[in-house]
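A.B. asks: For reference, the chains in residue letters:
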Amino acid sequence: MAKKVAIIASNGDLETAYKALNIATAAVASDAEVGIFFTFEGLNIIHREGSQQLTMGPGKEHFAEGFQKAGVPSIGELQDMAREGGVQMIGCQMTMDVMGVEKEQLIEGVEVGGAVSFLDFAFDADITLSF
Amino acid sequence: MSDRVDQTLDCKGLACPMPVVKTKKAMGELNPGEVLHVEATDRGSLADLKAWSERSGHQYLGSKEEEGVLHHFIRKATEGEKGVEQRFPYVVDLKDLEDRYSDNKLTVLDVREPMEYAFGHIPGAKHIPLGELEERLSELDPEKETWVICRSGSRSDLASQKLHEKGFKVKNVVPGMQDWKGPTEQND
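Taken in order, these protein sequences are the chains called A and B. Take this note's numbering: the last position of the first sequence gets the number 131, and nothing is skipped along the way. Take this note's numbering: the last position of the second sequence gets the number 319, and nothing is skipped along the way.
Check before you lean on any hint, since a few could be wrong.
To be verified - Here are the simulated lysine-lysine pairs, DSBU-like style, with alpha carbons at most 35 angstroms apart:
#1 B:K143 / A:K3
#2 B:K155 / A:K19
#3 B:K195 / A:K69
#4 A:K4 / B:K275
#5 B:K153 / A:K4
#6 B:K236 / B:K312
#7 A:K3 / B:K195
#8 A:K69 / B:K143
#9 B:K156 / A:K103
#10 A:K19 / B:K153
#11 B:K155 / A:K3
Unchecked claim - Some residues of chain B that are not near chain A, with every Cβ distance over 10 angstroms (derived):
#12 Q138
#13 G144
#14 M149
#15 K155
#16 E170
#17 T172
#18 D173
#19 G199
#20 P220
#21 V223
#22 S233
#23 D234
#24 L237
#25 K257
#26 S269
#27 Q292
Hints were generated in silico from the structure; no laboratory data involved. From a predicted model like this one, the values you see are computed outputs, not experimental measurements. Glycine included, every Cβ here is placed at the ideal spot set by N, Cα and C.
Just chain A, with the same shape it has in the complex:
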């Protein structure tokens, strides 16, 4: 049976976006079932506008050039690959209510749910990661 990978992304910087999406796309390419729960600032990563403006955080701006040089795909490309690969992306309803975010503001292919929607996927996961 396919391996199951459950990921929680709860930070909203570029680094977290790469960590979560990179592992997720590599995992689906390796035939794993993958689910990511985007909560608190992590919601940024699947926010249409927010995800285009992610930054490295103070003191790490110089990495941006390194990313480009190394040929790392853009966040938009990783989102597309995750969607095409069948990564289950869940936006946290509670965070959306708190921040006043509507489902329409999130990228295509995202479901919205509470903690239980994620846990339902994570209960029988082989690997759980939190970023």
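Given the structure of chain A, go ahead and fit chain B onto it with the hints provided.
C.D. replies: Then chain B, alone, in the frame of chain A:
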């Protein structure tokens, strides 16, 4: 070696996880038994593509580096290859082969595909891919005993049956090159 591949995938300049993601997609479009050539500059791809191939049940044939570009060769698994079924009753194991492979009274016949053979075969082994066996029988000496080997023992099983029908003295070597610990040679 480039004439032995069925498709080439350009991943030059791409970082992780792109080589793996693109390889996965490309392998989906190949037919079983075909070989994919992946060109990459990401050094992580050396460990990644090998691990990915093993996990996905494909065969990582090997890699080489030329002018900063890594060339990976991966063979798509054929149906039924994973669950090996043997019917030919006369078999020898790898220990027997290790003792006898340089014996002149014996022909070691490797029936794998050219790329598999190129990345590592038993020194002195005669190479005829299973698909060409029928038309190249005359290259084999019927006076000598022929020990047939492939990767897992399944293609060599078919080859052994065929040679046995034609009157050759045959043994199938099991399981095959996947567990061979003895010396190997490579082609360019």
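A.B. asks: Now tell me, hint by hint, if it's right for this structure.
C.D. replies: Hint check results:
1. B:K143 / A:K3: Answer holds: K143 (chain B) to K3 (chain A) is near 29 angstroms, not above 35 angstroms.
2. B:K155 / A:K19: Holds. K155 (chain B) to K19 (chain A) sits at ~20 angstroms (cutoff 35 angstroms).
3. B:K195 / A:K69: 24 angstroms, holds
4. A:K4 / B:K275: 53 angstroms, violated
5. B:K153 / A:K4: Cα-Cα ~21 angstroms, so holds.
6. B:K236 / B:K312: Answer holds: K236 (chain B) to K312 (chain B) is near 22 angstroms, not above 35 angstroms.
7. A:K3 / B:K195: 31 angstroms, holds
8. A:K69 / B:K143: 13 angstroms, holds
9. B:K156 / A:K103: Measuring from Cα to Cα gives roughly 30 angstroms; hence the hint holds.
10. A:K19 / B:K153: 19 angstroms, holds
11. B:K155 / A:K3: At roughly 16 angstroms apart (the allowed maximum being 35 angstroms), K3 (chain A) and K155 (chain B) satisfy the hint.
12. Q138: Per Cβ check, Q138 (chain B) is outside 10 angstroms of chain A; nearest 17 angstroms; holds.
13. G144: 5 angstroms, violated
14. M149: Non-interface label fails for M149 (chain B): nearest chain A Cβ at 6 angstroms, not farther than 10 angstroms.
15. K155: Its Cβ does come within 10 angstroms of chain A, the nearest being 4 angstroms, so this is violated.
16. E170: 13 angstroms, holds
17. T172: Given a closest Cβ separation of 8 angstroms, the condition is violated.
18. D173: 8 angstroms, violated
19. G199: 14 angstroms, holds
20. P220: Check passes; 35 angstroms lies beyond 10 angstroms.
21. V223: Correct as stated: the minimum Cβ-Cβ distance to chain A is 36 angstroms, above 10 angstroms.
22. S233: 41 angstroms, holds
23. D234: 43 angstroms, holds
24. L237: 42 angstroms, holds
25. K257: 37 angstroms, holds
26. S269: Per Cβ check, S269 (chain B) is outside 10 angstroms of chain A; nearest 44 angstroms; holds.
27. Q292: 34 angstroms, holds
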